[in-house]
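> Protein chains in written order, with this note's numbering: chain C, 1 to 359; chain D, 1001 to 1305; chain X, 2001 to 2540.
None of these hints come from the bench; they were simulated from the model. This structure is a prediction, so every number in the text was calculated from the model and none was measured.
Here are a few chain D residues that face chain X, going by a calculated C-beta distance under 8 Å: (1) Gln1165; (2) Ile1170; (3) Ala1171; (4) Thr1173; (5) Ala1174; (6) Asp1177; (7) Asp1178; (8) Thr1181; (9) Glu1183; (10) Arg1184; (11) Gly1186.
All C-beta atoms in this analysis are idealised placements derived from N, C-alpha and C, irrespective of residue type, glycine included.
What follows is each chain in one-letter form.
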Amino acid sequence: MSASSTLLGTGRAPLGLLVPVLAVLTAALAGIALIAMLGVPFRDALESFVDGTIGSPYAISVSLNRSVVYALIGLGFILANRAGLTNVGGEGQIAVGGIAATALALQHGVGALPFGLAFLVPLLGATLAGTAWGALAGVLKARIGTNEVISTLLLSFIAVWLVYWCVQSTALLRQPMTSAATLPESLPVPEATQIPLLTGDAAAPVTAGLLAAIVLAVVVALVLTRSRFGFQLHAVGLNPTAATRAGFSYATTVVTALAIAGAFGGLAGGLMLLGEQYSLRAGFSSGYGYDGLVVGLLSRGSVLGVIAASLLFGFLRSAGISMEMGASIPTALIQVMQGLIILTVAGAAYWLDRRDAGH
Amino acid sequence: MTAALLAVFIGSSIRLAMPLLLAAIGELISERAGVLNMSIEGMMLAGAFGGAVGAWATGSPSLGLLVGLLAALPVALIQAFLTVVLRANQIVTGLGLNILVLGATTLAYREIFGARSRETIPGFPAWTPPLLGDIPVFGEAVFRQVWLVYAAIVVVILAAFVLRQTAIGIALTAAGDDPRTLERAGLSVEALRFGAILMTGMLAALAGTFLSIGDIHTFTEGMTNGAGYLAIAAVIFGNWTVGRTVVACFVFGAATALQFQLPAIGLDVPNALLIMMPYLLAFLAVAGLVGRQTAPRALATPFRR
Amino acid sequence: MNAPVTDAKSSGALLELDGLTRRFGAFTALSAVDLTIRAGEVHCLLGENGAGKSTLCNLVFGMHPPSEGEMRVEGKPYRPVGPRDALAAGIAMVHQHFSLVDEMSVVDNLMLGRVRGILDRRGWARRLDGLAERYGLALAPFARVGDLSIGERQRVEIVKCLMLEPRLLILDEPTAVLLPDEIRSLLGVCRRVAEEGAAVLLVTHKLAEIREAADRATVLRQGQVAATSEAPAREIERLVRAMIRRDLDTLDSAMAATLGVAEAGPAEKPDKPKPAEIPAGPDVLQIDNISQRDADGATRLNGVTLTLRAGEIVGLAGVEGNGQSELGLILAGLRAPDSGRLFLGEQDLTGRKPTAFTQAGIGIVPEDRHRVGAIVDMSVAENIFLNRTGDFTRFGLLRRQAMYDAAAEMMQRFDVRATGPDARFGRLSGGNQQKAVLARELTAPGLRFLLAAQPTRGLDVGAVEAVYALIREAASRGVAVLLISSELDEVLTVAHRIAVIYRGRIVGERPSDPRHRNAIGAMMAGQAAPEEPAISEKAA
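With the hints as constraints, model all of the structure from the sequences given.
Right, dumping it as structure tokens:
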């Protein structure tokens, strides 16, 4: 197992690259056909597509911020997946991260902390909340063998409704009710707790989250290919009994792996909240966790794959929003394209795996 | 709570539990055969959309029902083809289909209805069965339901019978617990799983049409809003048996009904807690706090020879 | 063999294989095999592990298509594309591993794939009773299969096949997991089935079974037919020679053990190796009154007590499924006993983690190489240093090159043949896999005790010798060895002293001496040991 095979995924390079490229092309063609059917002039569609993605520093920044969230979920996913675990809980881990970040950022005095602690403390809280949410599934798996697909899925729903609860109840995080029109959302977080922009310019609001994601991507790549911990994850994932016999604790590995995946999710939630949304609203995670899971799966276990897929999904999501506003093309169009990409790549795994098995 | 309130509560619990019940029984069939069919959400949505469009275009809810079933068929076929024939990851396939169906129905809905959105669509009328309807206080409130409710009950009983007492039932169980043995017995794991997914598709579509033309007589974008995932939670809480899944659906239905009843009773229970409760209950079940859970052993595992 | 179809018919040929070949990638598992099975006979298929027996059965049962060649049933071409076609042609098979759904009842398992529509459970329960009378195979129809004993599950498998009234019944090594009594009754069923006019293809590598049941026999060697016999009971020696290309005279007794030659009687040489002297080293391992129940509450180990001294090889003989697996897991630190204690020297290891076991100096060659002993999808090097990755770690990073270099050295020392240290473990032959496992376990620093559980199962002849040599070498440098084996002759050959386990109890202990063969055999079967010394050979 060389470093490059993990970076590029387990598929042979030509087919492993060809499939996603073909999937994206198919989806793009379908998108173009649908735009034609909707009767939107193609030029308008393309214009707003470009406007929303690479048309301005602002568009690029926002798209990158979205990609960061996808990348974090995807990285956490492939790390846990190395231990044979499927973390379907990204959405919930984002949600609890967002709750924790909001609660801490609105805590009296946090906004006044020096040295960037004002945003680091809530971010750390978000990460810890995600860690706990992921570890919970890990503990159940290790102690009574609960299938982590099922437990993380259920924990996601619970967390999403926890957000709803938090913003519905003034006893929790809802802003004080001044009138019947008071929105069910939290107070905005203090400016000091917001994630600093790398450019320092609101016209290109790419946040320091990008740096965090790049560093974490390198770390994850290193862990998976070079570290003893990565070896441990792999061993436990391939054969828990033999790994246990060799001294790698199954329980510790499973709990740690899911906790790390959760931590990445919590961090992503914190970044979304403090870097983009600034106040907690019901459903703020809006599917990022599920899309991030798909990013992780499409990457076929490689860090480069996660980066590519998260950029694709991040820019696609921006494109969808821009096309809806600029050319009245429903974002549903992007959903259709995304669905097609997922299904094509998922179906093609059959040929990719067969090649792997036969080499 | 007065008797009248109680009657309304029971009536609406049944009404709210029905689509869930149909979908959950469908999901149960797939899962018993070893397929974790996440696309049930998309199947329901396709059914709801097809039902609405069909009823609106033909003016007949019955034809709408038929269109709804047909609309879910491609979703089920794709799920079956990808996961059974190509052995794709069942969860990814499900999530992919859900996104695709959500996007496709939304696009199509806006194209077809455009400005006429929120238009009322011809739906099934409510009906009160004889005798039962004559029970004082409860008769009308509880039993006055769309006939689909009664059809659903029949479907559930049939499904339970098939699973327990027929050759197909034991073959499905074997496909989910020990597919290799099933194959050695001369049966096709692929055929059974494929068939199970199609069956799930039909029941989910029925559940979807119930939402659009049985219950509220309209279609809204993404109107299933997680009902499919709730059905999966019901199967988990139901420990993969018909009896307990039915109970789970009624508990979940009652929890939903309670949301609307709470103001009337004057109880201060957070709405969010009630919405969350089904997932919480299912989670407690898999956490081992509600007896021992025994999922089919080959659940979510593609079959390789 | 170019026997025309008509000839075959006249001789009552039920199944004919004509030039049957099956390749898996570059590997040819079966090469141009001709074979005829006649109605009314018990036909034994012999061969070492890996000779192609299971492949042949799987082709006949339609699990794989042949690469070349043809099959005919009663003279008509037979090209099954799945088990369904085989069943339709009247061919039923009992697989090496059970094919029963544990979660379902006995009748439901019997009906699986056999019925349509609504289940008639009572009717099938009655049929089951009828069959039970005819063949002496009693079963509780509504018991959950997962709750049955191994012998009972085997019975369900056979009944499942018999209910089809098959024309050909294939049994792929059915006796490996059975008690002697159960084996006898199974062979009786085979004879009965043949007398009723059907054919039985019995796959085995135990010659004693051939003597008892076979009408004819075919020997496979490296995927080819090496011999056929019309009177196998009288030609045991020739068949063995064909199986392994060696005379029994020159056959290492250890190898004879794996073949069960000694049990076959006539081939047995009078002078078995002398029992080695038991070295009088200090006590190393103490198993003290260990008991264990399984998840269903059945007692698997019942007060096992055993002490091993330095340099001593103790054989633990017993039919499989009598608690050896559970004991193996406890000695590997993978499971804690329900009661009792485990000491290595003065150190109490009861309930400690596997790492503690390894550090204390316990090496394990597990019976399940693929599940416990190695990670088949990792490289040979990674498997050799699986429990010593720490030695190659600096600042949390694994120095793979150093590990691969060290592994190459180990592979040379232990004669592990592979394309290189980076070869996938699963690609190695069974023998090389086992040598890699031994390399890991025997080179552990401070090794004091070695468990070798069924260490030669599935290995070819050369590898068996190598494994024995490694075990003896370990003992000679003072390691205490516990050899768990279901092959009595293997234990008699390698061990200094033999303990017998039956139903989770140590039921007796004997010095390793062929004269105790019968006593030990009786104990393995759960009978009280005859009076000592038991040297008389009973005529078969």
